[in-house]
Amino acid sequence: MPALDLDRLFATPPFSLDTTAKAALYREALSELTRLHYAACPPYRRLLDTLGFDPAVDHAVGDIPMLPVRLFKTHELRSVAQDQIVKTMTSSGTTGQQVSRIFLDKVTSARQTKVLAKISSSVLGPKRLPMLIIDSKSVVKDRTMFSARGAGILGFSMLGIDPTYALDDDMRLDFAATEAFLAKHAGQPIFVFGFTFMIWEHLLQALAAANKRLPLDRGIMLHGGGWKKLADQAVDNRAFKARLAELCGIERVHNYYGMVEQTGSIFIECEHGRLHCSDYSDVIIRRPADFSICQPGERGFIQLVSLLPSSYPGHSLLSEDLGELTGEDDCACGRLGKTFVIHGRVKNAEVRGCSDTYTAGRTPAQVA
Amino acid sequence: MVEVLVGPGPGDEPLLVRPLPPYSDLACELLAALSAELRNDPEAARYPDVISFAFWCRKGNVERLKADDLGRRGARLGLGLVFHITPSNVPVNFAFSFAFGLLAGNANRVRVPSKPFAQVDIICRALARVLAEDRFSELRRMSSFVRYEQDDVVTGAYSASCNARIIWGGDVAIQTIRKLPIPERGIEIAFADRYSFSVLGAPAINALAPEGLARLAQGFYNDTYLMDQNACSSPHLLVWQGEGKREAKQRFFSALAELVALKYELAPVSAVDKYTQLCVDAIELDGVVGVTRHGNHVVRVTLARLPEATHELRGRAGYFYELDADGLDDVARVVNTRYQTLTYFGVDKQQLLDFVIDHRLMGIDRIVPVGAALDIGVIWDGYDVIATLSRVIDVR
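Going line by line, the protein sequences match chains E and Y. The first sequence runs 9 to 376 under our numbering. The second sequence runs 862 to 1257 under our numbering.
Any given hint might turn out to be false.
As the list claims (entries may be wrong) - Straight line, CA to CA, 16 Å or less: simulated EDC-like cross-link-like pairs of lysine to aspartate or glutamate: (1) E/Lys81 <-> Y/Glu1145; (2) E/Lys355 <-> Y/Glu1126; (3) Y/Lys1040 <-> Y/Asp1012; (4) E/Lys145 <-> E/Asp176; (5) Y/Lys1106 <-> Y/Asp1187; (6) E/Lys81 <-> E/Asp240.
Hints in this document: simulated from the structure, not taken from any laboratory. A quick note: this is a predicted structure, and the numbers were derived from the prediction, not measured.
Chain E with its partners taken away, still in its complex shape (with noise of 0.2 Å):
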């Protein structure tokens, strides 16, 4: 069993720490996860004994070694016996990809459940809502292959009633089967849950082309998955939710960030549209140059750590997302902790070189 006990921050909400606890309790927390991940993962072992880090001794969270994300997909990375696996979360990467392997024991499972539950609690309300779901049943079908889209569903799946799918197989709008599911709550609160992209894609341009409305406006939407396609499209946050207002009449729109390799303990935007950190994870922002610690509205690697991961070493990882920190316990929603704003993902270089005539398509990425 892992030695961090999170009972004491499930007794109060998210969002509850300053920064002065938050640095203590994850001083000893993160430098305990560590540790055991230093005992059970010899991977892990290897690399934290090469770079000379002593896990003995509690440190700092800054100065704890992170992973890079990248790790997970060519290394198979875990804290467990291999019988206490009840999961393997993959990353959706594109065909051809290598894909993140993330192992996942009933401990792990669990907590993630229980902090997602918590997490969106502080926008959705302590009561389950009936669900409407802005995807088609068909990507949760098949639960041998845990994606990350499928598992994201799944996962917020529990949080609500009457989970409903919004598309059909084909992805198309399921109007009769979502008008039902809108008349049989009418005046009730609805949780609806998507992939931004999706929602932007199957919903608001599929209303639009079909020249209706959703009467959403009791809705509470949570979203996420990335803007890269809609930044490609130049649609930003702004553009996504006043198209939701105009099409939907849905005004509370939280959008979330979050990865597979974290599952749980997401970040969640609040009604000031700020990206907040929960009790349960935080980001530290890097300078490229040189991995130090960025001062607020400086632009760096998102670095995220997690209370969560103890069955694969993932409390310290990472990321290839570029952020930067837009403040700290002082947000007007009230929420204590860091508040972030992400830049999207880091661009590949140009690489020079002598070695190809022929274009491979060969990036640093896949030689690394």
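Start from chain E and add chain Y according to the hints.
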């Protein structure tokens, strides 16, 4: 679609194939004129690689090359027509390749990178202007520069009609192009992926005055960072010799890191790439005894011994493997045909040559001082390129 940048187009008469002797006056004059043309071109001045090519093909240097020519005693003529397939991501290599073919006495068909580079257009335009002069009318009919996307039909046709084919490229590219035959008497030079390393003498580095140290760091920087450490002759492994290694490394890398931080634009993704590689090496690579990071600009992995496949230990954008070894026996064990350039500082070059000869090594074709790794020349990759692209007429 084949785009003709210089020389006869599809409707014109075919290339003239009438070989000249190596270092013919005509070829030397053309290069001298091209050099002058480029050095007077304000646009060219913005590209250091174009200027260094212009400097290389200036009259004085070509005369020196002619005097140094290893094959000058026999009677020679160019082979005929050389087809050059140049690398897609180095803008000016095509110009050097052409110059080699020309100096050897050949007609040349040069496939320039299909990616657009200003350098290619600048050099081709200058060449077209020079070739328009009457005195070069014959060479004008002997030279063609073409640009096209990867196309086996076109490459196949050019290959079938050449007397020599030069391929600059990675292993996959070479294997693919080799499926397209050249004539029975045709010859081929493949400048494949190579591996390069450095041997550094600690006492000499410790004895350097600050200016000398700065020069050394600048030379090493030019060898590596100028091409993101991705040129065949950029070192990946540093072998340290002699007394005072710890101090020498401290001095050397402090100077280098300072220079890199000042001059090198480290792409953010390279910082992650290097850190990821460091983690992978720490986890997987046998014999890693430590890692040192000078910010993300210089990353060093210290090895206690060299693995069999040392040639696979490649860094990018400033990532180096290091070994302390007073003797080079451990290095001799792993050298194979992939090894190209050995750059040195503070080590006797004769001893390094003896090391290659005495161990009867299959690799290491160049032993040059730190700072000269990228200096391409008519002796390259173990070939006397001029001799290889010409034929000997044996008269008795």
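Evaluated hints:
1. With a C-alpha separation of about 15 Å, the suggested pair lysine 81 of chain E and glutamate 1145 of chain Y falls inside the 16 Å cut-off, and the hint holds.
2. For the proposed pair lysine 355 of chain E and glutamate 1126 of chain Y, the alpha carbon gap of about 14 Å is at most 16 Å, so the pair holds.
3. Only pairs whose Cα atoms come within 16 Å are accepted, and lysine 1040 of chain Y paired with aspartate 1012 of chain Y is accepted, the gap being roughly 13 Å.
4. A distance of roughly 7 Å separates the Cα atoms of lysine 145 of chain E and aspartate 176 of chain E; the hinted pair therefore holds under the 16 Å criterion.
5. Restraint check: the Cα-Cα separation between lysine 1106 of chain Y and aspartate 1187 of chain Y comes to about 10 Å, which is no more than 16 Å; the hinted pair holds.
6. A threshold of 16 Å between alpha carbons decides the hint, and for lysine 81 of chain E with aspartate 240 of chain E the separation of about 26 Å lies outside it, so the pair is violated.
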